Each structure stands twice: as structure tokens, then as C-alpha cells.
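Peer 1: This is what each chain is made of:
Protein chains: 2
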Amino acid sequence: MNMIETNTTARTLGVNFNNEGTASIVLWAPKASSVSLLIAAKQRTIALEKKEYGYWSVETEEVKPGDEYVFVLDEGKEFPDPASLSQPDGVHGSSRAVDLKSFTWTDGDWQNIDLESYLIYEVHTGTFTGEGTFAAMESKLDYLVDLGITAIEIMPVAQFSGNRNWGYDGVLPFCVQNSYGGAEALQHLVDKCHQKGLAVILDVVFNHIGPEGNNLDNFGYYFTDKYHTPWGNAINFDDAWCDGVRKFFRENALMWFRDFHIDALRMDAVHAIKDFSPVHILKEIKQEVDQLMRETGRVHYLIVELDLNDIRFINPFDQGGYGMDAQWIDEFHHALRVSSGQSKTGYYSDFDGVASLAKSYEDAYVYDGTFSGHRKKMFGIKSSGNAGRQFVVFSQNHDHVGNRMLGERSSQLVSVSMLKLMAGAVLVSPYLPLLFMGEEYAESNPFQYFVSHTDPELAEAVRKGRKKEFSAFHLEGEAPDPMAGETFDHSKLQWDLPGIEPHRTMLGFYKTLIAIRKKYPALYQLDRENVSVGYDQSKQTILL
Amino acid sequence: MNMIETNTTARTLGVNFNNEGTASIVLWAPKASSVSLLIAAKQRTIALEKKEYGYWSVETEEVKPGDEYVFVLDEGKEFPDPASLSQPDGVHGSSRAVDLKSFTWTDGDWQNIDLESYLIYEVHTGTFTGEGTFAAMESKLDYLVDLGITAIEIMPVAQFSGNRNWGYDGVLPFCVQNSYGGAEALQHLVDKCHQKGLAVILDVVFNHIGPEGNNLDNFGYYFTDKYHTPWGNAINFDDAWCDGVRKFFRENALMWFRDFHIDALRMDAVHAIKDFSPVHILKEIKQEVDQLMRETGRVHYLIVELDLNDIRFINPFDQGGYGMDAQWIDEFHHALRVSSGQSKTGYYSDFDGVASLAKSYEDAYVYDGTFSGHRKKMFGIKSSGNAGRQFVVFSQNHDHVGNRMLGERSSQLVSVSMLKLMAGAVLVSPYLPLLFMGEEYAESNPFQYFVSHTDPELAEAVRKGRKKEFSAFHLEGEAPDPMAGETFDHSKLQWDLPGIEPHRTMLGFYKTLIAIRKKYPALYQLDRENVSVGYDQSKQTILL
Numbered sequence: 059m060n061m062i063e064t065n066t067t068a069r070t071l072g073v074n075f076n077n078e079g080t081a082s083i084v085l086w087a088p089k090a091s092s093v094s095l096l097i098a099a100k101q102r103t104i105a106l107e108k109k110e111y112g113y114w115s116v117e118t119e120e121v122k123p124g125d126e127y128v129f130v131l132d133e134g135k136e137f138p139d140p141a142s143l144s145q146p147d148g149v150h151g152s153s154r155a156v157d158l159k160s161f162t163w164t165d166g167d168w169q170n171i172d173l174e175s176y177l178i179y180e181v182h183t184g185t186f187t188g189e190g191t192f193a194a195m196e197s198k199l200d201y202l203v204d205l206g207i208t209a210i211e212i213m214p215v216a217q218f219s220g221n222r223n224w225g226y227d228g229v230l231p232f233c234v235q236n237s238y239g240g241a242e243a244l245q246h247l248v249d250k251c252h253q254k255g256l257a258v259i260l261d262v263v264f265n266h267i268g269p270e271g272n273n274l275d276n277f278g279y280y281f282t283d284k285y286h287t288p289w290g291n292a293i294n295f296d297d298a299w300c301d302g303v304r305k306f307f308r309e310n311a312l313m314w315f316r317d318f319h320i321d322a323l324r325m326d327a328v329h330a331i332k333d334f335s336p337v338h339i340l341k342e343i344k345q346e347v348d349q350l351m352r353e354t355g356r357v358h359y360l361i362v363e364l365d366l367n368d369i370r371f372i373n374p375f376d377q378g379g380y381g382m383d384a385q386w387i388d389e390f391h392h393a394l395r396v397s398s399g400q401s402k403t404g405y406y407s408d409f410d411g412v413a414s415l416a417k418s419y420e421d422a423y424v425y426d427g428t429f430s431g432h433r434k435k436m437f438g439i440k441s442s443g444n445a446g447r448q449f450v451v452f453s454q455n456h457d458h459v460g461n462r463m464l465g466e467r468s469s470q471l472v473s474v475s476m477l478k479l480m481a482g483a484v485l486v487s488p489y490l491p492l493l494f495m496g497e498e499y500a501e502s503n504p505f506q507y508f509v510s511h512t513d514p515e516l517a518e519a520v521r522k523g524r525k526k527e528f529s530a531f532h533l534e535g536e537a538p539d540p541m542a543g544e545t546f547d548h549s550k551l552q553w554d555l556p557g558i559e560p561h562r563t564m565l566g567f568y569k570t571l572i573a574i575r576k577k578y579p580a581l582y583q584l585d586r587e588n589v590s591v592g593y594d595q596s597k598q599t600i601l602l
Numbered sequence: 059m060n061m062i063e064t065n066t067t068a069r070t071l072g073v074n075f076n077n078e079g080t081a082s083i084v085l086w087a088p089k090a091s092s093v094s095l096l097i098a099a100k101q102r103t104i105a106l107e108k109k110e111y112g113y114w115s116v117e118t119e120e121v122k123p124g125d126e127y128v129f130v131l132d133e134g135k136e137f138p139d140p141a142s143l144s145q146p147d148g149v150h151g152s153s154r155a156v157d158l159k160s161f162t163w164t165d166g167d168w169q170n171i172d173l174e175s176y177l178i179y180e181v182h183t184g185t186f187t188g189e190g191t192f193a194a195m196e197s198k199l200d201y202l203v204d205l206g207i208t209a210i211e212i213m214p215v216a217q218f219s220g221n222r223n224w225g226y227d228g229v230l231p232f233c234v235q236n237s238y239g240g241a242e243a244l245q246h247l248v249d250k251c252h253q254k255g256l257a258v259i260l261d262v263v264f265n266h267i268g269p270e271g272n273n274l275d276n277f278g279y280y281f282t283d284k285y286h287t288p289w290g291n292a293i294n295f296d297d298a299w300c301d302g303v304r305k306f307f308r309e310n311a312l313m314w315f316r317d318f319h320i321d322a323l324r325m326d327a328v329h330a331i332k333d334f335s336p337v338h339i340l341k342e343i344k345q346e347v348d349q350l351m352r353e354t355g356r357v358h359y360l361i362v363e364l365d366l367n368d369i370r371f372i373n374p375f376d377q378g379g380y381g382m383d384a385q386w387i388d389e390f391h392h393a394l395r396v397s398s399g400q401s402k403t404g405y406y407s408d409f410d411g412v413a414s415l416a417k418s419y420e421d422a423y424v425y426d427g428t429f430s431g432h433r434k435k436m437f438g439i440k441s442s443g444n445a446g447r448q449f450v451v452f453s454q455n456h457d458h459v460g461n462r463m464l465g466e467r468s469s470q471l472v473s474v475s476m477l478k479l480m481a482g483a484v485l486v487s488p489y490l491p492l493l494f495m496g497e498e499y500a501e502s503n504p505f506q507y508f509v510s511h512t513d514p515e516l517a518e519a520v521r522k523g524r525k526k527e528f529s530a531f532h533l534e535g536e537a538p539d540p541m542a543g544e545t546f547d548h549s550k551l552q553w554d555l556p557g558i559e560p561h562r563t564m565l566g567f568y569k570t571l572i573a574i575r576k577k578y579p580a581l582y583q584l585d586r587e588n589v590s591v592g593y594d595q596s597k598q599t600i601l602l
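Residue numbers (the numbering used here), protein chains in the order written: chain D, 59 to 602; chain E, 59 to 602.
So that you can see chain D by itself, here it is in the shape it has in the complex:
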């Protein structure tokens, strides 16, 4: 195996331990002229040897699990490990060596559930519980089982700056956020979920790296100016030196499945992954996950957030597709929200109430080759050959709640009857339903945009940017300060609510709906072909 190939059976990048306790250290640093690993506490420096394709490596007995280390480039520049598994002091501190194999799993009998049976519950670890940790999340699993959901989807956990973040500012994709409890706590949570019959989806970000603590560019050519994305230069998936980057993310995907027993990945905004290679990086990840599944006998799914209405992503390889199992469809959400009274501004302007919603029930994509006034172009393609289980739908999620200036959930915007209608709209769809944490009992707290950057300039820039974004809405109040601790605290779920009215009734309603969906084949068999949809624009009604 050369250095660019991936080993499905074990992680190779970073610091890894074999069964005899020897550490294998591998770093991709084509920009470096020398590389060593420094354990400050032991005053030990271990030189790495240069290998092919910009890799450096060494085998050593001198690094043990728990050791804190940095990489030293060119005999002076110290950085945490790009493939760090633990950052006890945050993104700017040292990395800590972790032996992922030391966790004792008890989920040997677990089998991933059929994708068709996924009933997804999206959680943000930091605000799901008062403590904001994986351990605290475990205490809510019985509640979720009782609710009837079958899979939790955890918003990104890669190490980000500070302790408060949605997770999309992660800068160390292999490292589990220390304030959430780190790698072992995530393993423990997944093990517990499996014991309770819950699948676990992890949200991962392969399209950009966060703004604070991003040292990748010092090591190698992780970015390219060939393409622009909303976050600046794109991650380099097809320019010179891309192989080191492609391997980095392939190994990352494999690690979650193999070492954390994650059942499915939700890959963020894959439309911002620009890759004109003969084999798209998503297809390459799928090929390797297929290989892993053959080796382990376990089943894993790849789900993508996709803003393109393009079946190439979810079609099988032999049709030229990338082989993704499923994708999110925001258009169902937009159509549903406009049907429920949302004003047609911004990205909602393309949607025409129940007509668009009926279209989405029937064709998944509302725009399937038709002209979008908002995008100012013909958009999308027909998805008639794709199964219902390939589409994830929702009436709210972290984005569409949090993108509002005040982060109001639907419960703050529409009536109780409308909330029930929206729940029903999602739960009778021939697609995979996703609930956003707390919607099942009409949580009254908002879910606002929050960060905790430690770089004062960046913090100020984010603050200003957010204010500017919503300057047109100044009559509706002021945008909350994303850096303020109270913005985060105010976004937490209030666990006393499910027990009191009117929240208790709403919770009961969701439970009943979910139970009905699970009971009737017409609902749980996601047979798109046999769904017929009628609607009446004047009466604002829709009939499935």
C-alpha cells in the first residue's frame, strides 16, 4: 500500500497505536522541510522521516496514549496535529494521543436499521441538555425511544474554537470537541444508543474549515483558489497535491464508521465540494465505505445536504452517480413553510404554497428543470427514478430556525393547529422525516446563532457581520450577539416543558403521529410511485 491509499482497517494519519502499544505516526506535510513530534512534558523530540507524496512518518515506542504533543515544522513552527483526536486545551493547544481501540464496545448485536425506517431527530450537543455534553445526552435516550424516533443526528462535533458553536466552524475534523466530552464520551454515547435500538447519524463538514485555529495550510495544499465558495477558497479536491487532502477526508469518513460505530454520515453542503476529478470524492468515499462494510459486515449510510436538485449525487455508480444513499431536500421545507404562512422573501420567494408542496410530495424536487426566479436560472432535474428513502424532509432544522435574526422556532411563529399540520405534513410524506430537537413538544426557546471565538478580531467581525445581515430588520428588534453566553444559554432546551401544557399535548400528538406512521404500510413503505397528490390553491388544501 502506498501512502496515498487508504487502509480501511485502521486509521493511518496522526498518532495511532498498534496492539503491542507501538505508536505509528504519519503526517502529510508536503510544505515542510523537516518534521518532528514534540512531547513538551517529557522533553522528547521525535523526528519523522520523509516518505513519498509529501508524507512523513515514524514508528516509535516513545509516545503513549495520553501524551500531549505538537508537530514541529521546519525546526521552529509548532502546531497541533491536523489529524488530532483530542485537544484538551482547545484548538490552539497541544494534541493528545488517544487509542481509539481502547474503548470496550457492548453493541456487538447491533445491526443498523433499514434506511427506510429512519425517523431522524437532529440534536445540537451543546444545547440539547443543560450540561451540553454527550454524557448528558445519554440521559435523554429513553425519552427519544419513547417518542418513537429511530435515529439521532448529531450536529458536527469536530473541535471548534471556544465552547459554544453550531459545529460548522470545526478546524480539526478528526477531533471530538473537548467540551462535549471528547472521543471516548462519543463512543460511549453511540454504544448506549445502539443498546437502546437507536441509530446514530453524525454531521460532518468536508466543504470548508472553520476560521479560528485552522493551521492546515501550514502543512499542505488543503485549499485551492480554482473555485470560490461562501467560505472563501475551496478545499482542494482536484488541484495539484489533492491526493493528500482526499485521503484526509476519506480516512475521516471511515474513522467515524469503524472506530465510533456511527451508522450514517450527514455530509454538510456537498454542493460546495468542487471536484472535477474522474472519480468525485463522494464516490471515492462511498467506494471505501462499501469496502469497509464488506470487511465488517456492518451497514453504513451516506446522506448529503445538497442544494443542487441533482440526482447524480444519489444515483448508483453504473448510472454515473456518486452513490450517496440519500439527500436532504430543503425545497420540501420551503414549500411547507410558505404553505404555513411564511412570507415569500429570500429563498422562500420561489415557492408557491400548497402547489409547491404538492409538487414536492410528488416529485421530491420542486424545481426539476424549471426556471427559478430566485436563482435566476433553470434549476434541477427530474428525480422520478429515485426511491423515497433517498430524500430527507423536515418542517424545521437548525439552519432554517437559526438563520432567522431571532432564531425563532416554528412554535413561536405559527398557531398550535398549524404546528400540528406541519408535523403531519412531514410524517405522512413518502420520504425520511427529520425533527429538530424540541419541536416535538413545541419548545419555546429559540435556536440562535452562537459562537465563542477567542480571537477578538474574528469575534468582532462575526458580531458585525451578523448585525449587518439583519440590518433591514431593525424594526423587529436587534440581532442577538452571537458571542454572548446568554445567546447560547437562551438556545437550550427546557426539559421541564414536555411535562406541562400546552407542550405535553403537542408531545402526545407527535408520539401518536409517529406511531401511526410506523403502523401503516401506506405510510412506512416509502412508495413514491403510489402516492397521488391533489391540491386546491384557493382552499389551501392538499390531499395525499
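Hints in this document: simulated from the structure, not taken from any laboratory.
Owing to the predicted nature of the structure, the values given are computational and were not obtained by experimental measurement.
Keep in mind that the hints are not guaranteed to be accurate.
No copy is singled out in the list; a pair is fine if it fits within one copy or between any two copies.
[Claimed, not checked] Result set (SDA-like, lysine to any residue): computed pairs, CA atoms no more than 25 Å apart in a straight line:
1. 198 with 588
2. 402 with 502
3. 402 with 462
4. 341 with 374
5. 159 with 355
6. 434 with 291
7. 440 with 375
8. 434 with 308
Use these hints to put chain E onto chain D, whose structure you have.
Peer 2: Just chain E now, with coordinates in the frame of chain D:
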């Protein structure tokens, strides 16, 4: 039919005449607040009406073939027609209305030849003959028939600044260069070729617009800063407003086939066409050409220059491909040149003489998923399922000759025996052979880089750029001035040479080789599966 759709039966953009002589005028100008057409000589101004998707149009009796006109945007800005068919005074002058249907064709019996039988001869109109016109080219057709070639490939003819240019600086894609003779002269040439049994390939540039006389940005969103290309911002094939741009190029492709009876397009550098739409623009062009072929019963091919070793471009639709009929493979050229003594610098550094050449005979792509040191990444994919007729090979072409500082053809660089070996290497290949004009008689003139921009600043920038590009080669002499008329004159073929030695012998050799290729099924049946290749690196031999 809405304005964004293409009409395969007739051109819609620009000024077009119906059978009653009425002019239909259509302009895509989403940036304009008003549009009119001005015929200065008649002192007539004709207002266009605003239509959907940024189009403007009018039907009028007031414009006749031969009228010279400009479009006036926002009541003051005058520009030639982006879809102009004629620019009698060059890129900065007025457009002239042309009725493409007025040409009387005599090629009713012509049937395009099988792609497998294409034996291509690349010509640059300006330097192929002393006159540098289509009319003059006609006088050489008997010579080409006698040589045995079956298809001429004409380097780009779209109107460029001045009278001397390779053709890749064209700015009006529908307009045939006036100094070559314009649209009717091209129609006449194609008609004549068909009478003589020659197919005609036209080189078209859909990946960028030249630097002088490019007014497109005043009309609409032809460019996007989402992607970078070697020529700056990419042409907008997938960003907001892309539909007007996509239609512009689709109509252009259809026009050459329908109104000029062109048999095949050679689309320049399609790797620089950046398009993440669900239906790639090349596939969309293919779909419409398929439609045209059904309507007319004629056969047309789409050939692409492609620097990606990616079969997605040449695979059929049902495999997720774009359906292109064939592609150029520069790698065969590079391998052959290194085998013939070319030093391994720049893009040649990746090639290992006969080993690479043998690989290309066997697998078309030399790099098919292997690491390219020059590109610094894994490159390409296997093409084992693709037919031999899908690949065009050559021992020289305009690029690899003209990219040299002094533009030397192979005849100036290697021995006569090596020239013969190189000719043989191309003509026994299981691919489509392409000769560059003059190589068949070992033309001794170079083919140098020449332009004739009329903008002094641009001219100076090109001059300086060329000098800088070759500054490392100053010991080998000075780069010729691309603006100088003598650089152009010096690049013309010398038609006395084929009659005298040693050129006559070389010409005879090419004729014999071509005749042999046409005679033996083992050579003309491009059966890649049954080609077996052996080579001996030490002896520098290769055995097919």
C-alpha cells in the same frame, strides 16, 4: 417554445430572415434597460421589445441582408451584435445582416463518413495558403484528396481582432472572420469539400472569449467569478443567468452543422468549461445535435480537446457520460515526442519514452489513475471500455509546434528517418490520426505564435508576455514578435516544396503510409482489444 429553448430548425439569436424576407431580431441583454437596432446608413432606429428571461425581440421589414447595424443599449451604448454573422470592418465595426439560407448548396448527396475512417488534416486558414482565405484553400483540396486524408479540420474562424491570429482570440462566435472571406466563403469551401469527398471539422472555442473586442459583458452575464481559468473568469455555464449563455453556445453549435454543413466540431479545451449543472453543457449540446440529426438525416460528430483523461466526457448518456464522440489525447503526442528525443521538460517531464508510448497504444491514456509528477496528483481513469475511434492522435499540431519559442515543426528538430518513424507511429495507431498542415512534406517554415491586436496596450502586453515566457531560453535566440507581420508570413506553407526534394520523398512516404492504413483491416479497423504491444526500453523499440 420559450425564449430559453433552442430551435434546431433555425437560428433565433441576432438578425435572421424568414422565407418572406422579414427579419426576426432577438437579443439576450438582461443588463439593458432599453434596446434598439440602429442602421446608420439608413438613419433608422428599430426598438426591440422586452421579453422573458432577459431577451429582447422584434419582427421587422426594415432590415435587409447586407444592412450594417449596431445594437444600442440604454439609449447610448453602441455595440456590434453578440450573434453577428459578419463584421466587414472587424471586431470594433458594425455588424452586417446576412441571410445564411441564401447560399445554394450542391452537396445534397453528401453523407458524412464513418468516424472510424476520419484521417484528419489540421489547417490554419491564414497560413495554409499565400492568400490566407477559404477561397485559396479550395485550390488545395485535390492535393489533400490525393494525399489520402478524409477530413480537414479548420482552426477557429470566429472573428478576432486584426487579420492575423491562430483563432483562439475570437470574440464573436457566430461571425466568420472577414479576412478569411466571411460566412459565404466558408459555406462555399464546405460545399466544395463535400463534392470532393472530404469531411470538414471546425474548431470552436466555447471556453473563453478573446481579449480585444469582447463586449459580451455589456449585454448579459456571460462570465462568472465562481471559477478561474487560464483566461480569467470562466464563461458562465452554471451561475445565475446562465441559461442565456448556454443557449448562445448551443445555437452556435447547431448553426455550424445546419447552416454551414460542417461535419464535426472540435471543441477547444473543454476542461476549462466549468459546469456543475445536472446536465453538463456538452451533454446538452449533444442532445440538441441528436435532435438535429433526426430532423435532417445528416450525421455530425462532436470531438473535444480534453486535458483530463476522463471518460465521463466520451461515455454515453446512460453511463452518466456527456456523449462526446471522440477526444484528443495529447499524452500520445507527448510520449511519442519524448520517444523521438524531445527533452523531458515542462509537460514532457511525465513521459518515459517508448514505455509511455506503448502504454498509450494499449490504454489511450498514459495516466489512468497513476501519480503524475508534473501535475502533482493522481491523474486520469481507465478507458478500456472506449472504442479506438474515440481518440485523436498526432505527432504534432498547432499547439505543440507553436508553443515552442521559435515554433519549429518536427522537420526542424529531428532527422528524416525519425520523421518517418513518427508518421508511422501515428498512422498505425488504433486511433484517429491527425496531421498538421505541411507535415506530410516536411515543411521547413515554422508555425509561430502570431496576433494582430489593434489595441496598442494589449499588443504590448502580449509581446512582453511572450518574451517573458521564453526568457529562460534567451541563449537559443529571441522569441519572434507575435505582432510582426513577418512572424505570420514566415509561418505560411511554401507550396513549391512538395515538388522538390527532400520534401517530395517525404510526401510520397506519407501517401504510401496512408494508403496502407486504408488497405488493411488490421489498421483501419480500430480494434483496440486486438492490439498487443511490446517494447524494449534499452533498445528503444516498440512492437505492435
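Peer 1: Is it within, between, both or neither when you check residue 440 against residue 375 at 25 Å Cα-Cα?
Peer 2: both (18 Å within a copy, 15 Å between copies)
Peer 1: Within a copy, between copies, both or neither: which one fits residue 402 and residue 502 at a CA-CA cutoff of 25 Å?
Peer 2: Only inside one copy: residue 402 and residue 502 sit 24 Å apart there, 69 Å across copies, limit 25 Å.
Peer 1: Within a copy, between copies, both or neither: where do residue 159 and residue 355 come within 25 Å Cα-Cα?
Peer 2: For residue 159 and residue 355, the Cα distance is within 25 Å only inside one copy (18 Å; across copies 66 Å).
Peer 1: Between copies, within a copy, both or neither: which fits residue 402 and residue 462 at Cα up to 25 Å?
Peer 2: within (14 Å within a copy, 58 Å between copies)
Peer 1: With identical chains treated as interchangeable, where does the CA-CA distance between residue 341 and residue 374 reach 25 Å or less: within a copy, between copies, both, or neither?
Peer 2: Result: close both inside a copy and across copies, 9 Å intra and 19 Å inter.
Peer 1: Up to 25 Å between alpha-carbons, please classify residue 198 paired with residue 588: within, between, both or neither.
Peer 2: Answer is neither; intra-copy 37 Å and inter-copy 66 Å both fail.
Peer 1: With 25 Å as the alpha-carbon cut-off, assign the pair residue 434 and residue 291 to within, between, both or neither.
Peer 2: both (24 Å within a copy, 19 Å between copies)
Peer 1: With identical chains, the pair residue 434 and residue 308 could be close in the same copy or across copies; at 25 Å between alpha carbons, which is it: within, between, both, or neither?
Peer 2: Between copies only: 19 Å across chains, 35 Å inside a chain, cut-off 25 Å.
Violated hint for the displayed structure: number 1, the only one.
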